[in-house]
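Asks: Protein sequences, first through last, are from chains A and B.
Per my numbering, the very first residue in the first sequence carries number 1; after that it's consecutive.
Per my numbering, the very first residue in the second sequence carries number 1001; after that it's consecutive.
No lab work stands behind these hints, which were simulated from the structure alone.
Backbone N, C-alpha and C define an ideal beta-carbon position, used for all residues, glycine too.
Incorrect hints may have been included.
[Stated by the list, open to error] Which bits of chain A does chain B cover? Going by a derived footprint, with three or more residues having C-beta under 8 Å, they are:
no., segment
1, 20–26
2, 94–104
3, 120–131
What follows is each chain in one-letter form.
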Amino acid sequence: MAITIGNKTQANPTPGASFYQLAHNQNTGSDGLIIVSAVMSNSRTFTSATYGGQTMTQIFVKAFGGLAQYTKFWILENPPTGSNTLRINFNGTQWNPISVYAKSFTGAQAGGNSVNLSGASTPRSSNITLSSGSLVYAYGISINAVNGVQIPTGTATSAEFTHNTNRQVRGGLNTTPFSAGTVQIRTTSTSGSVTLQAYEIQEKATAGGGGNENFFLIM
Amino acid sequence: MDYYIINKIQLQGGEVKQNPVGYTTNLDDVESIRGDLQEFTDWAIINGPDLDAGIIDISEFFNSHDNPHQIGQITDNIDGFNLNEITDINNLP
Chain A
1 MAITIGNKTQ
11 ANPTPGASFY
21 QLAHNQNTGS
31 DGLIIVSAVM
41 SNSRTFTSAT
51 YGGQTMTQIF
61 VKAFGGLAQY
71 TKFWILENPP
81 TGSNTLRINF
91 NGTQWNPISV
101 YAKSFTGAQA
111 GGNSVNLSGA
121 STPRSSNITL
131 SSGSLVYAYG
141 ISINAVNGVQ
151 IPTGTATSAE
161 FTHNTNRQVR
171 GGLNTTPFSA
181 GTVQIRTTST
191 SGSVTLQAYE
201 IQEKATAGGG
211 GNENFFLIM
Chain B
1001 MDYYIINKIQ
1011 LQGGEVKQNP
1021 VGYTTNLDDV
1031 ESIRGDLQEF
1041 TDWAIINGPD
1051 LDAGIIDISE
1061 FFNSHDNPHQ
1071 IGQITDNIDG
1081 FNLNEITDIN
1091 NLP
């Protein structure tokens, strides 16, 4: 079953509290998956995230000393459908604006590969190995404007969001499923350094069929 | 279509609380009061270190400002949010 891209929620508020929460509508359909990326000043750290009261699974985290930023990425398989509260907790009151991005999918599963690189001179590139039918979400952080998220390299994605967390943050999602293999992805900024974070959204595996490698043994 | 959900920021029990007051789909409306919507963020960024150090308290902001608003989130589906559309961006609830 191919992945269906669902609803999106993004936010760039100043919490003024030790958490921020918002509503997000998870699409109905089997094999739901919600992904959440968050970025903010490293004056605080993200501690946890819940959706509909369910604890989300952390995929990666990184503190960027030079950028003075902090990011964390979570997913939740088979989340509750409909409108539910997404809550992100910090280790103290955050007085700086945060970046939150939530995206829903159906026909998807956890277990995808990820990329989590510190900042380096633009362009920032990395290979990522993908399963057949996968999509890729990527984002970058920079002191300067992040002007491109290419998935794969050479193919610009439209901005899923552009946020200001005292640094610039931009995310992109490719919408055409990949064939199995390794592809290069890239973030670019107008100058200076930029980070690269990415996650592979895998198509839900079909038990016992559907793949090119499946075969029957007749005895 | 993107729905811009506007939060009202209030001090309740000594803590900052944010509650959505409605939504708009008119980006021009949002841009027209961008400065107002940034009021809390601008103040918090400038005073954040002193707030963290306990030199000042967030109540100082609310003592000198009306309850501000900010864009709480942007979403492409508000089903189930139970929010009304804002019809006068210059008179937010």
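Asks: Looking back at the hints listed earlier, which ones does the structure fail to meet?
Replies: 3
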